[in-house]
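**Q** The primary structure of each chain is shown beneath.
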Amino acid sequence: MSFPWAKQFQPTSEVGKWIDQRLPLPRFIFNALGPGYPTPKNLNAFYNFGVLAGVALVIQIITGVVLAMHFAADTRVAFDSVEHIMRDVNGGWMIRYMHAVGASFFFGVVYIHIFRGLYYGSYKPPREVLWMLGLVIFLLMMATAFMGYVLVWGQMSFWGAQVITGLFSAIPLVGPTIQTWLLGGFSPDNATLNRFFSLHYLLPFVTFGVIILHVWALHIPGSNNPTGIEVKTESDTIPFHPYYTAKDFVGLGIYLILFSAFVFFMPNALGEADNYIPANPLSTPAHIVPEWYFWPFYAILRAFTADFLGVPAKLWGVLAMFASILLLFLLPWLDTSPVRSNNYRPLSRILFWVFVAVALALGVCGGAPAEEPYLRASQLLTAYYFAHFLIILPIVSKLEKTKPLPNSISEAVLAKYSKAGSGGSSGGAPLAQPAE
Amino acid sequence: MIRWGALAVGLLFVINALWGAIAPREDVTPDMAKALHKHPKHMEWVHNGPGNLGVLGTFDRAQLQRGFQVYKEVCSACHSINRVAFRDLADLGFTPAQIKTIAGEYEVPAIDSAGEPTTRKATAADKFPLVYANEAAARAAQNGANPPDLSLMTKARPNGTNYVYSLLTGYSDDVPKGWTKPDTLYYNPYFHSINIAMPPPLAADGQVTYADGSPATVDQYAKDVATFLTWTAEPKLENRKETGVAVILFLIVMTGLGYLTYRKVWADVKKA
Amino acid sequence: MASEVRQAPVENLGSGGERRRDFLYIATAAFAGAGVVPVAWSLVNQMNPSADVLALASIDLDLTPVQPGQAIKTSWRGKPVFARHLTPEEIASAKKVDVASLRDPQKLEDRTKAGNEQWLITLGVCTHLGCVPLGAAEGEVRGDFGGYFCPCHGSHYDTAARIRKGPAPKNLEVPPYQFKSPTSVTIG
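Protein chains in written order, with our numbering: chain A, 1 to 436; chain B, 1 to 272; chain C, 1 to 188.
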């Protein structure tokens, strides 16, 4: 799908024409990422993060495939093989640090990308499937990252695997069977390590496939934009290439600078020192914590300490942890405001930032020991998290008074750059056509 | 329909969580170990470079060699550095001949012509051998304690280099009132559980004689061996930082050029 | 379906401006491309032998226990090495051979070190298809020429480990080695 004014692909050479007639791949790329994709002209820096997520995945795959050439997935030698990479493989230390730091940066970038979607209503019709595919990608990322961390077979690898696989035993009736099936045994051991290696290698490529669907689903309606109103005319858009390729290149440069700062100067800052101790099934670390990007969900998991309505606390924690992500699939039906962008939803906007603060605070709690005051804080914050999506947002989105929308994207852009206006919508025109 | 179901589920979790939040807490006896525990002292290290920032910085080779000497003469009795190979000592400035001599002082496991386990002199290609064949042997020899391998110690503890230094210089005979210390253990507030099984290894000045005339004090030994162990954990530290400077400088220029390109490309849109 | 293709704003700039902009694009792309080279190199170089493998690239061999007429087998770079202490008779019979008639013409002097002619150090890898020939260990078959015999396809090597009969095309390979002392060599 494209807008009618999209540039048409013209092969520039005989060879190009020959290929295009047999497999229209150049045409496909032209229309997807090139001059043939009209994009709203008002996308801001937060719209860089989708591409950055793709770059982060590519970095993970390349460094990961290289690491897999040297890694040995056997509990007796796994930790040693990682040290072999760090000490003896040419440039191995750099590739390993890039992969470890890269995972953190991948999540950082994806979180900003998700929050961008939340703020600008990118999950609203007709982009519901796009949003849900994104959540599927997020779930795949979490599974991949969890399994990758286990491969090192350090103390945190082993005990993290123990805790997370242990969660499945909370499921009534079939829980322990599922846990044993996942582990391939009664405790994380060789069977677990080997299958995690296999799946850790596989899932990124599955993720890549889902990303293709994700970008395809985006290109059907085209990109959303900060005003949240649909593209109407040619003056609302610019070709993706060269405008957004140039902008994304700058974003990429900044991303790589930050990434390199960590890889080369603070490579272990985002990790846990305990994972430099080889796994010892007979000695539990003082504080078992996952990597930082799991902390908010870990806080939700640990927030439920008492049995409630006959359901054990452990099961509540597991259900809440999964529910906290799964409820996001319902977001297009929970938030029914006809206005997409929080720029024009003053109350939702405040609630958005409150939610951001709550998410960050949950993260802090997740990384802290399971004691007061973090426990009480986790409980209150968890309560807010669920209230936000399942109670507050549905009510607010129905009742809120929104600001008037601009008539078009180009009008909003003009207002931003005009000498008179200082940004925002221009004129008191009645609400422009909201999204259907 | 979805929203009513979601509301119901939401209320369940919200009420449950709030119920947990308002529930009274059991009294928790304050953990005295936590109160006594001290964070590592903040020291300046040559390998942290200017301003002790950790951005630049190289190892002082003489200090690494002194640290290695302290390790050999004091620590190696109980602690292995099994991830370090003798050939890695070239980083410290030793020649191949010197490395061969150092390696020759150690015995590594081998098999004789009859297939029986035996030992042979180590070569440069070998790793520093373990002190004890396995954990059980270590505990039997050490009154139940298991001296950990030190190769990665400065990465296996938060703020590791400072931790090693603080631990080695942190032993104290002044056990605070109310704190129980068994006779077989030693009081060291820098250790996570305060009572440590290792007797103070750096007991007195003059314990190790430095050939290069550096002060033969416990403080100096601790600094030198902490630096040495930082090297064993991160032999590529200098290479890493050098590469980092080059990479980031390159990226800054590249991003600058990219930004200029972006401004040029967008000039018409931003004006329109 | 013909639509107004958006005019690229090239015309807005003067000819000098356009040239400047192209130069900037080229400079940016070239600079970024130059950065790809060391990255690509790192990815290629990591497949080269790692430091621990290179450390075993050379080994020391003590020849003291090897009596004349005996040979020992050892391993170097993952391959078997034969170190044989030639007897005077073996040396003489090797020298008697007409070198020009050999499939792979080499003199014994070319295959040993000056002053240490009695030491024949070769790889224990048949040059036909890579089997390990017999003859190094006590009691093994030494073939028709008193050297080594490869049972896989019947290659016979003489006392200088030169191919005399059978399908092997070349003599057993002599690895690079140096005498550190009269009784010790470093191979590789």
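Be careful, since some hints might not be right.
What the hints assert, rightly or not - From the structure, some residues in chain B lie toward chain A, with a derived Cβ separation under 7 Å:
id	residue
1	N16
2	A17
3	A62
4	R83
5	A136
6	R139
7	R240
8	V253
9	M254
10	Y262
Hints in this document: simulated from the structure, not taken from any laboratory. Cβ atoms here follow ideal geometry from the backbone N, Cα and C, with glycine treated the same way.
**Q** All hints, please: hold or fail.
**A** Status of the hints after comparison with the structure:
| no. | hint | result |
| --- | --- | --- |
| 1 | N16 | holds, 5 Å |
| 2 | A17 | holds, 4 Å |
| 3 | A62 | violated, 23 Å |
| 4 | R83 | holds, 5 Å |
| 5 | A136 | violated, 12 Å |
| 6 | R139 | violated, 12 Å |
| 7 | R240 | holds, 6 Å |
| 8 | V253 | violated, 9 Å |
| 9 | M254 | holds, 6 Å |
| 10 | Y262 | holds, 4 Å |
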